[in-house]
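Model the full structure from these sequences, guided by the hints.
2 protein chains.
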Amino acid sequence: MIQPHGNTSLNPLYISDEIERESLINESQQLKSILLSSMAAANAVMLGGGYFTPLSGYMNLSDSLSVSQSLKTDDGLFWPIPIINLVDDVSNISCGESIALRDPNLEGNPVLAVMNVKSIESVSDADMSLMLENIFGTVDKNHPGVASFSNQGRFLISGPIKVLNFSYFPIDFPDTFKTAYEIRNEIEILGWDKVVAFQTRNPMHRAHEELCRMAISDLSADGCLIHMLLGKLKSGDIPANVRDASIRKMVEIYFPPNTVMVTGYGFDMLYAGPREALLHAIFRQNCGCSHLIVGRDHAGVGDYYGAFDAQTIFDTVPDGALKIDIYRADHTAFSKKLNKVVMMKDAQDHSKDDFVLLSGTKVREMLGNGIAPPPEFSRPEVAEILMDYYKNL
Amino acid sequence: MIQPHGNTSLNPLYISDEIERESLINESQQLKSILLSSMAAANAVMLGGGYFTPLSGYMNLSDSLSVSQSLKTDDGLFWPIPIINLVDDVSNISCGESIALRDPNLEGNPVLAVMNVKSIESVSDADMSLMLENIFGTVDKNHPGVASFSNQGRFLISGPIKVLNFSYFPIDFPDTFKTAYEIRNEIEILGWDKVVAFQTRNPMHRAHEELCRMAISDLSADGCLIHMLLGKLKSGDIPANVRDASIRKMVEIYFPPNTVMVTGYGFDMLYAGPREALLHAIFRQNCGCSHLIVGRDHAGVGDYYGAFDAQTIFDTVPDGALKIDIYRADHTAFSKKLNKVVMMKDAQDHSKDDFVLLSGTKVREMLGNGIAPPPEFSRPEVAEILMDYYKNL
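Protein chains in written order, with the working numbering: chain A, 31 to 423; chain B, 31 to 423.
Honestly, I wouldn't trust all of these hints.
Reference listing, derived: stretches of chain A covered by chain B, where coverage requires no fewer than 3 residues with Cβ under 8 Å from a Cβ of chain B [said to hold, decoys possible]: (1) 83-94; (2) 123-131; (3) 142-152.
Rather than coming from a laboratory, the hints here were simulated on the basis of the structure.
Glycine is no exception: its CB is placed at the ideal position from the N, C-alpha and C atoms.
Put into structure tokens, the structure is as follows:
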């Protein structure tokens, strides 16, 4: 199987030994603590599950600036987005001590992880702008990722962490939330070698379903990992539980058994486009995938990124820095001429009218009014779940 | 006049405005405080006097490691030795706050400077070894600089400082201690353009006196800055006040008026050889000197460095990184053949017996017994001051 990123084995920071974990949980009650931002909590969950192998905790400012500017840590590890813990008050925290990191997303803010504080650094306006400009391509606060990233506070606490649980993800998504080591193990058990990952934060319509089928076929892959984001989204996006149900239904009915794995990971959406695509590739490599589907405006939002920026950025990755490859996709849509879903770039002789196309707004309006989109656009079983959701909004 | 290092003007961190300084002194009484190491205190005094222009305070770990390994800060400024504040307890200090830095060298530990804490970082054994190995060429604790540097504690506090006084230096050396801006001003008033600096931590015997005369003559310099270290030395070295008196006497009698300026700076000796020679050059450039005399084993100790390492390191300085030049010297000694002091490398036809040579041990023994060394070795007026010192030991 494909090696994890920058390491021969996966490095999950979750304390899996029950006795050690229990004792650490007890100890953590006596420690000074800080309340994490949702972004820092998501980083802890990803680190815990081995997704961010080979990192051992939160980056310091030097690594963060280096990652932002040069896509590598000071030690030369290829990495596209700072994995950091930004807080707005460090007055009760000392360098060198162990502190408890409390979960902002669970009632009572239980301890999510224990951290050994290696450094505490203040982030200047210039440092923050440099990071935002490089990661998101903008400092515009209307960008949802920029807003979340820059609202976390201006003190950066770095150091190794030990993760005690996976926050709300295993509670809210008991069947879907998986760690990278669970996925890696399942892939090993299934004996898959070539595995293509499909990233999604949306329900899957026909176009997405067929895109996975195309990728499996074009790559002669053994299977496909549908890997959905379970963390926070911008307002207006369909919640993860609805999306999860609709995807599971689609896979159950329309894919042969044991060709698709439906799973999810606990991370908030950054909408960082090209940089986030690189991060997506890294953590799918850590899951044991050989390929990642990267489509039009992957992980984008608004018109901040060019349509294929998230693909072309892979052309700039230094040789050998990533072991995973990408499968470059364009939008897919049902062709009335050919009576099947095709990739638009492969249908140069088509005009717009030759496709079954519906705008996002139009689809939401139809579903909200209890009208199923045509089956060439949405599987009826998927449409039904989404209509239920919109009806109860 | 020669420009300061990395800046168009000198950047002394001493608060010269009396009202502002008084108000800051009052405020500092309310601040949390830490007791500085002698090395960190010496850094503050040098920063206060403008010697370490263009630095604005203590470096962070990233700059310190970069300076150690690559002789430049993360911003690309040429710099040979980390200017840092290492402490062993940071439990009462928070990132982002202002703290008072207390002076370890004055009774009652008054506040020397106020610091805005930008980062607090723990320094690992690996980081410390990397710094020592690069700065001193060794991690051997028998090296006096290594011992001082590594005994300061393992938490690095970085950030800008405002300096409130110059510690014990103006008290103990009212005529000799000078800031870089005072020296620069005096040079400007004298109208000197070409100025050669002589670094010393020892009394000056005939050989050193003639070396200054040779440098002035060879360079057609307008004057010479005899610039002595007034801070801490290893045990056995002659104290600064005795050295100061003997040097002043020598200059008074044996140099024409207004050709030599006798001054001192408040810094502890590092014995870092080549790296310290580079630092010596930087802060003499900041004083307005165009040249620095670099002799055999400059700033060395024991046999840690090669005889001319402190000269050849200047061949590796990137073009334009330093504006000051060095005057390369060998040992000088009185030649019985030529009846004058010569540089040994210029007297290849001489055998050892053609010179008046005395070992350091022999000279100390003679002075201790009230015997003046021959006038070819020491000016009688200098010998007298040194005999007085040894008599009272």
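Structure-based check of all given hints:
1. 83-94: holds (count 3)
2. 123-131: Satisfied; 5 residues make the cut.
3. 142-152: holds (count 6)
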